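Visitor: If you read the sequences in order, they're chains A and B.
Residues in the first sequence are numbered consecutively from 107, following the working numbering.
Residues in the second sequence are numbered consecutively from 107, following the working numbering.
Think of the hints as simulated: they come from the structure by calculation, not from any bench.
Please note that the accuracy of each hint is not assured.
A pair counts as met if it fits within one copy or between any two copies, since identical chains are not told apart.
Calculated pairs, SDA-like style, for lysine to any residue (alpha carbon to alpha carbon, straight line, at most 25 Å) [what the hints assert, rightly or not]: (1) Lys131 <-> Arg187; (2) Lys204 <-> Pro251; (3) Lys131 <-> Gly216; (4) Lys123 <-> Thr144; (5) Lys209 <-> Pro221; (6) Lys209 <-> Pro281; (7) Lys204 <-> Gly224; (8) Lys209 <-> Ser153; (9) Lys209 <-> Met260; (10) Lys123 <-> Asp142; (11) Lys131 <-> Ile179; (12) Lys123 <-> Lys267; (13) Lys204 <-> Ala117; (14) Lys264 <-> Asn145; (15) Lys233 <-> Gly217; (16) Lys209 <-> Asp285.
All values derive from a computational prediction rather than experimental measurement.
Protein chains: 2
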Amino acid sequence: MAEEYLPALEALVLHFKRLPGIGPKSALRMAFALLDFTNEEAQDFASAIINAKENIVPCEICGHICEGARCDICGDDRRDRSVICVVEDSRAVMALEKVREYKGLYHVLGGTISPMDGIGPDELNIKTLLARLDGVDEVIIATNPTIEGETTAMYISKLLKPLGIKTTRLAYGVPVGGDLEYSDEVTLFRAIEGRRDI
Amino acid sequence: MAEEYLPALEALVLHFKRLPGIGPKSALRMAFALLDFTNEEAQDFASAIINAKENIVPCEICGHICEGARCDICGDDRRDRSVICVVEDSRAVMALEKVREYKGLYHVLGGTISPMDGIGPDELNIKTLLARLDGVDEVIIATNPTIEGETTAMYISKLLKPLGIKTTRLAYGVPVGGDLEYSDEVTLFRAIEGRRDI
C-alpha cells in the first residue's frame, strides 16, 4: 500500500505509524490532515517536536520529565520529603498529581523489570532510588498492576525492607463507578482480599 | 488537564490533538512516545512535516496531490482521457487506484457542497472541471454516499447533462463480504433498487 504514495507523503505516514495506536489508515488520515494545516501551523508543529525533544529531560533527582535540572515537584519546598512514591513513568506521576491528594515526592523508574524484553533492574532507575532514602520513612510502590509491575514492586520492596523503610503498595480493587459484572476475576479476588470494615 | 503539563510538552500535545481522531489522552500518549524517539528520529519527523507541506501541492489539472506541476495520473499517456472520475479528495483517488480497474482520469473537488459549513459550489474545483471537458465522453461522479456527497453529485450532474456528456454514479449496494443483517436500510433499499440480472 505505502509504495504507491508520493515520497513526501509516505515519509510522513511512516513517522505517524511509529506513534502508539496508529495503524496505516490512521497514519494516512493524519498525514492528509497535516496537508490541510497552514504553512505556519505545520512549521509550529515541527518546531514543537524539536523543542520538546531538546528541552524535556529527566529530573536529576527523581527522573520525572522537566525542562530544567530538577522537576517542579522535587523543587517544591512544600512537598513532604519523607515519602517517595515509585512509579513506572512520568505519565503515572501526572495521573497521581491530578488527584491532588499525594504530597510526597516521586521516583520514576523508567519502566519495569521485564526479562522478556531484556530489561533487568540495572536498566531501571533503582540505584538512584536507593541513593536518596536518607530521611525517607515510607516508599509507596505504585507500579502498574501488571505482571511486570508486580515483579518490579516485589523486587524493590525486597531491597527496601532490610533498610527498615515502610514499604506500601497502592490498593487494588473494583474501580469506582465500575460494574462488578465487568470486573475480571483477579481484580475481584483482590477486592475481596483487600476488603475493609465500613 | 493541559495546564499542568510542561510548556514544551503541552505545545506538542496541542498539535497532536488537532489531528483527526486524536483526543487529549491519545495526544499525550503520542507526545510521550515522541520523547522516546532519538534526536535524529525526532528531527526526521519534523523535517517530514515541513517537507510534505512544502512539496505536496495540488495537480494543476485535476487537483490530486502531487510533488510537481501535474500528478502521475494526469501525466500518464496510457490513461483514457475520455473519462473523468470526480471525487471529493485525494484519498478517494488513492482508494480507487488501488483497485487497478479504472483507467481514466480524475478530478478532485476538494470537498462537497455543504451549506451548513458555508461551502458552496464556488468553494469547490467545479469550474476547473467544466473547463476540461473537451474530448470527454463520460464523467463518473464518485463522491461519498453521504447527504453532502449526494447533493454535490446532483449539482454536478445537472451542470453536465445539458452538455451532452454521459454522467454516471458509482453503484450503491451491500458491501462485498458484508452481512445483510448488519446493512442499514438505506443501503438495502439501494441494493434492491439497483439489482441486476445474473
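Visitor: Where does the structure disagree with the numbered hints, that is, which hint numbers, in rising order?
Guide: Checked against the structure, the hints that fail are numbers 1, 5, 7, 8, 12, 14 and 16, while the rest are satisfied.
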